[in-house]
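K.L.:
With these hints in hand, go ahead and build the complete structure from the sequences.
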Amino acid sequence: MDTKKELVVPRIENGTVIDHIPTNVLYQIVHILGLENYEDEVLIGNYLTSHKFIRKGIIKVKNKYFDNEEINKIALVAPMVTIIRIKNYEVIEKLEAEIPDHIDNFVKCMNPRCITNHEAIPTKFDVIDKKSLKLRCHYCEKFVTKDTIRFCE
Amino acid sequence: MSNLKGRNLISITDFSKEEYIQVLDIAEEFEKNPKQKILSDKVVATLFFEPSTRTRLSFESAANQLGARIIGFSDPGATSVQKGESLHDTITMVSSYSDLIVMRNPKEGSSRYASEVSTVPVINAGDGANQHPTQCMLDLYSIRKTQGTLDNLNIAMVGDLKYGRTVHSLTQAMCNFNATFHLVSPEELKLPSSVKMSIKNAGLKYYQYTEIKDIMATADIIYMTRVQRERFADPLEYERVKDSCILSADMLKGCKPNMRILHPLPRVNEITMDVDKTPYAYYFQQAQNGVYVRQALMAAILGVR
Ligand SMILES: [Zn+2]
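First to last, the sequence lines map onto chains A and B.
Counting from 5, one number per residue, gives the positions in the first sequence under this note's numbering.
Counting from 827, one number per residue, gives the positions in the second sequence under this note's numbering.
It should be emphasised that the hints constitute simulated quantities derived from the structure, not laboratory data.
Using N, Cα and C, we set each Cβ at its ideal position, and we do this for glycine too.
Hints are not guaranteed to be accurate.
[To be verified] Label-pair ranges, simulated between beta-carbon atoms: (1) B/Asn978 with A/Lys138: 28 to 38 Å; (2) A/Ser136 with B/Asp1076: 46 to 56 Å; (3) A/Ser136 with B/Met1099: 46 to 56 Å; (4) B/Met1099 with A/Asn109: 51 to 61 Å.
[To be verified] Chain B is nowhere near these chain A residues, computed Cβ spacing over 10 Å in every case: (5) Tyr31; (6) Val34; (7) Gly38; (8) Cys156; (9) Glu157.
[Said to hold, decoys possible] Footprint (simulated), chain B over chain A, 3 or more residues, beta carbon under 8 Å: (10) 121-130; (11) 136-144.
P.N.:
Structure, rendered in structure tokens:
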């Protein structure tokens, strides 16, 4: 974080900072983490100047520590983000989002003939290739790739 | 020997190479002696959510010859499914009435889901364009029976290699047996790159052609499939290529004496009737072999073989 310069997004005392978010996926991450319904302070900055990216997004969530499963979901859209846990204004842990081996009840199958699009069944995907982000539906065995990935409502 | 009792067969990858061979060996026994009342205390449910008369009759004949009783439906029109009952509820109910479920359903992945809901084993008899593993097993049985082995064969696939589910499954299965693949299809209907990749990953070779005559001297098996007009965006293109994937008796000159022609049936015009009388035609026996393979699967899954 650019602590020397003026802080565009204020510091939080306790909670989680998700930094270095590509600007085009910031609101997707807000949605993935369900922050629309989070009833405490959420600070969102987008198109901020950073060293790593020309422009970046940042999300600060007060009084919330996400578990690994939630963090790993972020990796599906933005594998390079940094997740920082803050306690008493201090960084207590820095994590990287990691693409999991299996993804349950989160990604939508793009095959219109897939059973998961016709019955109320939680979706399941196996991750075939983490680098290129290639997933295979556990049910219809069709592939979902980075370009076609969509999330359950 | 693996114990196949209680196993599901949803996708060809659910069984190992050794387990396939085990089922083929059991099928050989049933071919010699098909009427054995070893399942007389069992109930087999055949649930056909879309009609497929050939597949259903093959399964029901197999179950009947082993003495099993059969319940089920051949068309969901007259059942509670029509009234909107979920697959979950249908399977829960039927698995309490039966010892084994055979299911065909046009929704892809439906059989996998059914196997997770069911308390009894499930055999997939086709889930849309996804999997139809017993077809693949009867293809393997027919190849082994006609060639005496599954190893080191030249397998030619002809016709619609792009959408043909049986072609993809058989290709994947034959990748376990050091096959060389000869692919004959119109440009629009070539084998998908993902299937070609599995051939490459197995360290095997494939060759592509546009005419059947190019593979006649090398093929041990010619696996024919139907080229459908609906697959072509341009009807003129269909007219131009449709004859390139038709096999007639005069084209068989120069083939290997052991060569046999397979076809998943039903055939339309891609194999002319004059081929039927040649010693190379094997597609009707192939369909018959389906009964023995299905007997073997049911017997193994129900724990009597
Ligand atoms: Zn699917």
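K.L.:
All hints, please: hold or fail.
P.N.:
Here's how the hints hold up against the structure:
no.: 1; hint: B/Asn978 with A/Lys138: 28 to 38 Å; in the structure: holds, 32 Å
no.: 2; hint: A/Ser136 with B/Asp1076: 46 to 56 Å; in the structure: holds, 49 Å
no.: 3; hint: A/Ser136 with B/Met1099: 46 to 56 Å; in the structure: holds, 49 Å
no.: 4; hint: B/Met1099 with A/Asn109: 51 to 61 Å; in the structure: holds, 53 Å
no.: 5; hint: Tyr31; in the structure: holds, 31 Å
no.: 6; hint: Val34; in the structure: holds, 31 Å
no.: 7; hint: Gly38; in the structure: holds, 27 Å
no.: 8; hint: Cys156; in the structure: holds, 16 Å
no.: 9; hint: Glu157; in the structure: holds, 19 Å
no.: 10; hint: 121-130; in the structure: holds (count 4)
no.: 11; hint: 136-144; in the structure: holds (count 4)
The structure fails none of the hints (numbered hints given earlier).
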